[in-house]
Amino acid sequence: MNTENSATGEGKGGDVIVETVSRLMVPFIQLFALYVIIHGAGGPGGGFQGGVIFAASFILLVIAFGIVDAGDRFPEAVNTNLFSVGVYIFAGVGLLCVILSFGAAQYLNYGFIPLTTHFEENRALGMDLVEIGIGITVMAVITSIFFNLVWKRESEEEVGEKEEQE
Amino acid sequence: MIWQLDLIVLFLIVAIAIAAITVRDLLSAIMLLCAYSFLMAVVWVQMHSVDVAFTEAAVGAGATTAFLIAALSRTARWEKK
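Which chain is which? The protein sequence lines are A and B, in order. With my numbering, the residue at position 121 of the first sequence is 121, and numbering never jumps. With my numbering, the residue at position 33 of the second sequence is 33, and numbering never jumps.
For reference, chain A alone in the conformation it holds in the complex (with noise of 0.2 Å):
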């Protein structure tokens, strides 16, 4: 990885204080923003919140080890998809309010799915879920705007040098 930094002219990668220290602040910078998540409910944090901390711990890999070998690990596809499922789980826990209210309509009343026996402990489950899905489609996007802005200047410079060499 690192010769392909210094092949590309780019002075990221290849420390080693900056690689440990991103390596083990990762996983709990992922676990804090799972917990926001998750914590969002019943205190400061939510969905966007944490979904921005996930996201924020991809650009500290991007940021560390290089775009070419984070975008390995995390190809555009994938992405697309996750923005779909998060999206899907929102809507999805909202037309199952609907379908199981009888009528009534409510959508995203969450008290209506029947996961447990208990009105409010349904209502705080279905929260979680909606959460979860919301947290799901901020990750994804925010890591996708941030791999195109910098992808995209690399796809650009390879043009220009093979301009250069025409």
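Note that these hints are calculated values from the structure, not bench results. From a predicted model like this one, the values you see are computed outputs, not experimental measurements. The beta-carbon is built from N, C-alpha and C at its ideal position, and this holds for glycine as well. Keep in mind that a hint or two might mislead.
[Said to hold, decoys possible] Derived Cβ-Cβ restraints for the label pairs, each shown as a range:
hint, chain 1, residue 1, chain 2, residue 2, range
1, B, Ala76, A, Glu121, 53 to 61 Å
2, A, Thr117, B, Ile18, 58 to 66 Å
3, B, Thr75, A, Met25, 28 to 36 Å
Since the structure of chain A is provided, determine the placement of chain B on it from the hints.
Same frame as chain A, now just chain B:
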């Protein structure tokens, strides 16, 4: 709420905002915007609005700074006169 601390932080925010639009080094402008977002998060916490402060710190100081630096790496660093 400690009004002296509030006054200092708000004065710093105004100073950083003015510096961010007058500086000609765009990387410095991005870093000043990062500091601006962070101090805004401090102000939100002081106003007991932890949720907004959380979003401000995660998006404003974290993700937006990374996006702006990624965008800056595709253009020139110095603003033209």
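To see whether the hints hold, each was checked on the structure:
1. B:Ala76 to A:Glu121: 53 to 61 Å: Once the Cβ atoms are compared, 57 Å apart, the range 53 to 61 Å for Glu121 (chain A) and Ala76 (chain B) holds.
2. A:Thr117 to B:Ile18: 58 to 66 Å: holds, 60 Å
3. B:Thr75 to A:Met25: 28 to 36 Å: At 29 Å between Cβs, range holds.
When held up to the earlier numbered hints, the structure conflicts with none and fits them all.
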